[in-house]
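What follows is each chain in one-letter form.
There are 4 protein chains.
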Amino acid sequence: MSHGKIAPPLVLINLKCYLEATGTKAVQLARYAEQASAKFGVTVAVAPQTADLRLVSQQTKVPVFAQHVDSVKPGSHTGHVLAESVLEAGISGILVNHSERRLEAGIIEDTITRARDLKLTTVVCANTSGIAAAVASLGPDMIAVEPPELIGSGVAVSKAKPEIITDTVSKIRRISSQVTILCGAGITSGEDVKEALRLGTQGVLVASGVVKAKDQAAAIEDLARACR
Amino acid sequence: MSHGKIAPPLVLINLKCYLEATGTKAVQLARYAEQASAKFGVTVAVAPQTADLRLVSQQTKVPVFAQHVDSVKPGSHTGHVLAESVLEAGISGILVNHSERRLEAGIIEDTITRARDLKLTTVVCANTSGIAAAVASLGPDMIAVEPPELIGSGVAVSKAKPEIITDTVSKIRRISSQVTILCGAGITSGEDVKEALRLGTQGVLVASGVVKAKDQAAAIEDLARACR
Amino acid sequence: MSHGKIAPPLVLINLKCYLEATGTKAVQLARYAEQASAKFGVTVAVAPQTADLRLVSQQTKVPVFAQHVDSVKPGSHTGHVLAESVLEAGISGILVNHSERRLEAGIIEDTITRARDLKLTTVVCANTSGIAAAVASLGPDMIAVEPPELIGSGVAVSKAKPEIITDTVSKIRRISSQVTILCGAGITSGEDVKEALRLGTQGVLVASGVVKAKDQAAAIEDLARACR
Amino acid sequence: MSHGKIAPPLVLINLKCYLEATGTKAVQLARYAEQASAKFGVTVAVAPQTADLRLVSQQTKVPVFAQHVDSVKPGSHTGHVLAESVLEAGISGILVNHSERRLEAGIIEDTITRARDLKLTTVVCANTSGIAAAVASLGPDMIAVEPPELIGSGVAVSKAKPEIITDTVSKIRRISSQVTILCGAGITSGEDVKEALRLGTQGVLVASGVVKAKDQAAAIEDLARACR
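Going down the list, the protein sequences come from chains S, F, B and Y.
Going by the numbering used here, the first sequence opens with residue 1, and the numbers climb by one from there.
Going by the numbering used here, the second sequence opens with residue 1001, and the numbers climb by one from there.
Going by the numbering used here, the third sequence opens with residue 2001, and the numbers climb by one from there.
Going by the numbering used here, the fourth sequence opens with residue 3001, and the numbers climb by one from there.
For reference, chain S alone in the conformation it holds in the complex (with noise of 0.2 angstroms):
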């Protein structure tokens, strides 16, 4: 059930609740993601909802992200995501904080420990470069900029306002020079994904401009292309 290291440049989906996306259909896009990580090289993951996370994990080898984890530990905690159920389920890294499901603070610390304990891979989202420099301090893997204006609008923040990013990466390389950045927020194209990495991230963190591409092979190798 490893579905290997996470090295960038990455294409991370997120599957959000999209019906174009849940259950068998979570598994068809991941497959897509299989098949254009293996023809260019480049590691493409996704992040089905959490009832798919273990049908999604087993049927491809692509590395899977859970959207949310709760920094509970096991026991009386009803309704809630434990870290080590997803985990047995098969997934190698957890989104935090995405814009859709933000956490306090001291939350989105737990997680990253937990995670860290757990060895799953984190992917913290940062919808502003304060957020992005404050959440660096707390020893992410990975940050995503996300300015929440620009998600699933098909602008891609890498066009629209590339200084957003420019100014992000250098607030978060002062504190941190080894976790990977990944842009996200209205990621469409290959051109988009290789202005982002022009611009210093190492990937895109990337949703409705695949999941509700018409052909969702296609986009998902346009954006693995432009990757290489």
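Think of the hints as simulated: they come from the structure by calculation, not from any bench.
Fair warning: there could be bad hints in the mix.
[Claimed, not checked] Within a straight-line C-alpha distance of at most 30 angstroms, the following computed BS3-like cross-link-like pairs (lysine-lysine) qualify:
#	chain 1	residue 1	chain 2	residue 2
1	Y	3119	B	2212
2	B	2025	Y	3061
3	S	119	Y	3171
4	F	1039	F	1212
5	Y	3171	S	73
6	Y	3194	Y	3061
7	S	61	F	1025
Put chains F, B and Y on the given structure of chain S with help from the hints.
Same frame as chain S, but now just chains F, B and Y:
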């Protein structure tokens, strides 16, 4: 993947975030439930963690409940539990407003409405007779009465405070003659179950009494036998 | 500092976080309420922001409501609104579960219980007839029906969707014959008020219709006159 | 209503929701703070409950802090604490992210930005050195370090775990040379204060050590004297 109609009397086992009932251990516990159900002709259902819903649903025939579902519709809701997703994973019903996952009043109503549209059975938890009466107005399929001070205590509410149960049953029945009423909190033995049924409920919601039992299979059998 | 009994018909003005009703402007608006109340023999109450409760209470004679109170007891609860604190500031009652400040079902019950102990009048907001019926079981003094899609719209629920009001009144009355029912959302004119009373309610909860009016005094007079 | 510049060393007293510091008792405690401040030439500030801010601000000359402010702008936000409202009530600053009122990371940043626009001093609480370093990136005026396990314990963090303070100071200073650092949690005596200052902080955040003291005036004097 249909797991049959949920007819009372019902033993519903909440697996919470217990490691003793995570992943393959959730399946094992569900198998015990399946066997007890067949042996005594009583419905025994389980509520595993979200990541285990499909696994348990595919490998056993017991009715499977989600511990929590968010009231979102398909779309951009990273890190939420979509009803359509857990439905595709094979569940029959959902727990709503458990005392470890309390919801705003309006969200309880929204969740019941969404579940009804998807033909999912709702079990709404209430920790006082007042809340039980209140949620009865919202039209759930079942109400589980769980005084929080007895949860996980090993002291059955049906024995420690029988008047809570009779009072709650009475208040609920003034508003709804049809809703199924479950007795929760501290249930560990068949004797507790018999007392709960005698007080006017149609089943039990149990967690640590089964999951933490030295012999889970025997614990489930004891509860199911008492329901005949 | 006693501000008298709150007898229906009632016009309750929610000042929200509007700058037009903050600080000294809250006092000014409360004076208009006082004058209209005296002129027409109708109870007109105001719900200022927490920091303005004492100021309004000391400088006018209208009943003053808190917009929200936390269900905490005295102690270590930094940043919360303690019932004893706002009581000492001179309030007569509290708004509970406004659609802009929704509460868990259990918290609504706790808040009503605490308020009753402190002899504070509770006005619980409900945005559907189902929630209105549900909260009726919790024993509040008043219920305000506010369909969220009409809040701040300038379209009175009593005119746009009179069946929501009659349906809600009917559902509430099956559970409680005594609770006072207020009609909220979109109320701006005396005509709206008359219609609301005609449909079986005992008053109105209003906000922008008064606070954002060019002539706040005239707007309040219009509402109070219609209650006679 | 100007309460003067807030220059370290600073003793900041959080009144929480203690009845011993509610309403007129908040004013009394603030008078003791005023006297100690004058006697020792040290800034002593208080953070009363929201409903008491104006009262304390009007009747004393000490700097007054809000215990919490919501990051909303003027408008339809029933039951929230608007910065403009508490500013008009006479405050000089705000506590942000107290461990009893934790905030999402993005909300901390928004609150700091709003406070800066309104010329309000921000004291952001951090319960670990990691969070302290993280919030330093967000540009607050002050950071208060409060390990939650020592809050209200009567055991001063400066004595029980001095390495937490020195480690935190060191991590903060790598990011900001200017932010004022306060030491919180368990501070009860002048000796605790001296130790805190010796470890590199510029003041203390204290609550029960003063509010619950048999002689509040003497307790404040003891802390202020140690700051000289």
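Hints versus structure:
| no. | hint | result |
| --- | --- | --- |
| 1 | Y:3119 x B:2212 | holds (27 angstroms) |
| 2 | B:2025 x Y:3061 | holds (24 angstroms) |
| 3 | S:119 x Y:3171 | holds (25 angstroms) |
| 4 | F:1039 x F:1212 | holds (22 angstroms) |
| 5 | Y:3171 x S:73 | holds (28 angstroms) |
| 6 | Y:3194 x Y:3061 | holds (25 angstroms) |
| 7 | S:61 x F:1025 | holds (24 angstroms) |
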